[in-house]
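Protein chains in written order, with the numbering used here: chain A, 1 to 95; chain B, 1001 to 1102; chain C, 2001 to 2199.
Just so you know, these hints were derived from the structure itself, not from any lab.
In this text the structure is predicted, and so the values were computed from the model without any measurement.
Certain hints may be false.
[Unchecked claim] Calculated lysine to aspartate or glutamate pairs in the DMTMM-like style (CA-CA distance at most 25 Å, straight line): (1) C/Lys2121 - B/Glu1088; (2) C/Lys2065 - C/Asp2158; (3) C/Lys2086 - C/Glu2076; (4) B/Lys1042 - B/Asp1018; (5) B/Lys1042 - A/Glu10; (6) B/Lys1092 - B/Glu1068; (7) A/Lys80 - C/Glu2038; (8) C/Lys2147 - A/Asp74; (9) B/Lys1041 - C/Glu2034; (10) C/Lys2064 - C/Glu2077; (11) C/Lys2064 - C/Glu2172; (12) C/Lys2195 - B/Asp1018; (13) C/Lys2064 - C/Glu2081; (14) B/Lys1042 - C/Glu2172; (15) C/Lys2121 - C/Glu2132; (16) C/Lys2121 - B/Glu1003; (17) C/Lys2066 - C/Asp2158; (18) C/Lys2086 - C/Glu2038; (19) C/Lys2138 - B/Asp1018; (20) A/Lys69 - C/Glu2091; (21) C/Lys2138 - B/Glu1021; (22) C/Lys2065 - A/Glu48; (23) C/Lys2138 - A/Asp74; (24) C/Lys2065 - C/Glu2091; (25) C/Lys2027 - B/Glu1026; (26) B/Lys1092 - C/Glu2022; (27) C/Lys2066 - A/Glu37; (28) C/Lys2027 - B/Glu1076; (29) A/Lys80 - A/Glu3.
So the chains spell out like this:
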Amino acid sequence: MSEARYRPGERVRVMKAYPLGHVRTPYYIRGHTGTIERVCGAFPNPEELAQMRDGLPPQPLYRVRFLQKDVWPDYRGSAKDVLEVEIFQHWLEPA
Amino acid sequence: MRERSHHDMGGLPAGPVDRHEHDYAEWERRVDAMCVLVGNKKLVSVDQRRRNIEQLPPEVYDQTAYYEKWVLSLGESLIQRGLITTEELARKMAEVQNRVRG
Amino acid sequence: MTDKGKYQPLSYFQLMEVSLRELLVEKGILSEEEIAQEVETMRQRGYQRGSRVVARAWLDESFKKKLLANGTQACEELGLEIPALKLVVVENTAEVHNAIVCTLCSCYPRVLLGIPPEWYKSRNYRSRMVREPRAVLKEFGLNVPQKIQVRVHDSSADMRYMVLPMRPAGTEGWSEERLAALVNRDCLLGVAVPKGPND
Chain A
1 MSEARYRPGE RVRVMKAYPL GHVRTPYYIR GHTGTIERVC GAFPNPEELA QMRDGLPPQP
61 LYRVRFLQKD VWPDYRGSAK DVLEVEIFQH WLEPA
Chain B
1001 MRERSHHDMG GLPAGPVDRH EHDYAEWERR VDAMCVLVGN KKLVSVDQRR RNIEQLPPEV
1061 YDQTAYYEKW VLSLGESLIQ RGLITTEELA RKMAEVQNRV RG
Chain C
2001 MTDKGKYQPL SYFQLMEVSL RELLVEKGIL SEEEIAQEVE TMRQRGYQRG SRVVARAWLD
2061 ESFKKKLLAN GTQACEELGL EIPALKLVVV ENTAEVHNAI VCTLCSCYPR VLLGIPPEWY
2121 KSRNYRSRMV REPRAVLKEF GLNVPQKIQV RVHDSSADMR YMVLPMRPAG TEGWSEERLA
2181 ALVNRDCLLG VAVPKGPND
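Kindly produce the complete structure, drawing on both the sequences and the hints.
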């Protein structure tokens, strides 16, 4: 499996890319910066599994925490509110 | 806007949540069961099924019920995998229709 | 020899279901028995095992620690059969309220909680829960005070989520069974909180 590149607490940015095919990185989170909350493990790449390929080697998957007020300019809840999203390593870069 | 897939709706404006719940029909439960079973047998991945749902035209996506989407996606996936062919499906659908009409 | 009064035409989708099933059975890919068995398994699966996990965590601090560190492993140690479930349990506290959504489809810990409710799969829930969770929770009758942090978990990949609600006051000395009865499905998704005897 590919090595987990990031650790909990590290700041990462989600790539601002809009490719074709099956993607599990939600549109709304692309381009945003958050903090690694945990390393979930490594899993076959869903983008490849969707195309009837085996998605191997397994790719590191992270839970990344974002401040809501960073994601939505007009967010009206508490400044502390967060969103936690699972994102595969190949969609992340160091922030 | 082609950049955003129709199913990828997080953050879009939408109305109040309808909390009404209903029991699923037997045919819907069978669709669910078939999807789980072909997944367990590693014949069709959940990812492939999801992709087929995502590829549905937006108006079909919006106007069909949950298991209506699932049955379409299951069928497409089985054909993509070569487990059934379009011709077989066409013949079977005609056969079933004739049988039901008596 | 049709009884015209009883004739219900199949919808396109129902026709598709019958046709796919018959083809799969004819080809020996699935059997009618295993389809029927799976239908029954899912029909019987409610959220009660999830409630039991919560009650156990309320009563056993070391189990709770394990549950929060690795939900799957903790449930397996409890003897629960949860094939392929990669469970993350998130804890409500006096400072934090958690809620679960899958914006991309309807990912849900089915093996533990059964089939998700229609609203969880709806456009409106999936769209708004990540953007205005407090407004959505209000529609569910849950007002989360501003001083409490709301954490929304978007089930976007392989993990599946369950909320560990706070144990209501006034339940000291209660049995696991009695505690579990306080926890319904909506509490496990974070759109409700358990009500204790003082509420």
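Hints and how they fare:
1. Distance check on the hinted pair: C/Lys2121 and B/Glu1088 sit about 32 Å apart at the alpha-carbon level, beyond 25 Å; violated.
2. In summary, the hint linking C/Lys2065 to C/Asp2158 is supported, as the alpha carbons are separated by about 22 Å, within the 25 Å threshold.
3. Of the supplied pair hints, the one linking C/Lys2086 and C/Glu2076 holds, its CA atoms being roughly 11 Å apart against a limit of 25 Å.
4. With a CA separation close to 35 Å, the supplied pair B/Lys1042 and B/Asp1018 exceeds the 25 Å bound.
5. A distance of roughly 36 Å separates the Cα atoms of B/Lys1042 and A/Glu10; the hinted pair therefore is violated under the 25 Å criterion.
6. A threshold of 25 Å between alpha carbons decides the hint, and for B/Lys1092 with B/Glu1068 the separation of about 18 Å falls inside it, so the pair holds.
7. Simply put, A/Lys80 and C/Glu2038 have alpha-carbon atoms about 43 Å apart, too far for the 25 Å limit, and the pair is violated.
8. Only pairs whose Cα atoms come within 25 Å are accepted, and C/Lys2147 paired with A/Asp74 is accepted, the gap being roughly 19 Å.
9. The straight-line distance between the Cα atoms of B/Lys1041 and C/Glu2034 is roughly 12 Å, inside the 25 Å bound, and the hint therefore holds.
10. Our distance criterion of 25 Å between C-alpha atoms is met by C/Lys2064 and C/Glu2077, whose separation comes to about 12 Å.
11. With a C-alpha separation of about 17 Å, the suggested pair C/Lys2064 and C/Glu2172 falls inside the 25 Å cut-off, and the hint holds.
12. Pair hint C/Lys2195 plus B/Asp1018 holds up; C-alpha atoms about 23 Å apart against a cutoff of 25 Å.
13. A threshold of 25 Å between alpha carbons decides the hint, and for C/Lys2064 with C/Glu2081 the separation of about 18 Å falls inside it, so the pair holds.
14. A C-alpha spacing of about 47 Å is found between B/Lys1042 and C/Glu2172, which places the hinted pair above 25 Å, so the restraint is violated.
15. Simply put, C/Lys2121 and C/Glu2132 have alpha-carbon atoms about 17 Å apart, close enough for the 25 Å limit, and the pair holds.
16. A C-alpha spacing of about 23 Å is found between C/Lys2121 and B/Glu1003, which places the hinted pair at or below 25 Å, so the restraint holds.
17. Between C/Lys2066 and C/Asp2158 the CA atoms are separated by roughly 20 Å; this keeps the pair inside 25 Å, and the hint holds.
18. Note on C/Lys2086 and C/Glu2038: the hinted pairing holds, with a Cα-Cα distance of about 21 Å set against a maximum of 25 Å.
19. With a C-alpha separation of about 13 Å, the suggested pair C/Lys2138 and B/Asp1018 falls inside the 25 Å cut-off, and the hint holds.
20. For the hint linking A/Lys69 to C/Glu2091, the alpha-carbon distance of about 22 Å falls within 25 Å, and the restraint holds.
21. Taking the CA atoms of C/Lys2138 and B/Glu1021, the gap is near 19 Å; set against the 25 Å cutoff, the hint holds.
22. At most 25 Å may separate the alpha-carbon atoms for a hinted pair to count; C/Lys2065 and A/Glu48 exceed this at roughly 35 Å.
23. The suggested pairing of C/Lys2138 with A/Asp74 holds, with an alpha-carbon distance near 19 Å, which does not exceed 25 Å.
24. A threshold of 25 Å between alpha carbons decides the hint, and for C/Lys2065 with C/Glu2091 the separation of about 10 Å falls inside it, so the pair holds.
25. Between C/Lys2027 and B/Glu1026 the CA atoms are separated by roughly 22 Å; this keeps the pair inside 25 Å, and the hint holds.
26. A C-alpha spacing of about 8 Å is found between B/Lys1092 and C/Glu2022, which places the hinted pair at or below 25 Å, so the restraint holds.
27. Taken as a hint, the C/Lys2066 and A/Glu37 pair is honoured in the structure, with Cα atoms around 17 Å apart against an allowance of 25 Å.
28. For the given pair, C/Lys2027 sits about 17 Å from B/Glu1076 by alpha-carbon distance, which is consistent with the 25 Å threshold.
29. A C-alpha spacing of about 32 Å is found between A/Lys80 and A/Glu3, which places the hinted pair above 25 Å, so the restraint is violated.
The structure fails to meet hints 1, 4, 5, 7, 14, 22 and 29 from the earlier list, while all remaining hints are met.
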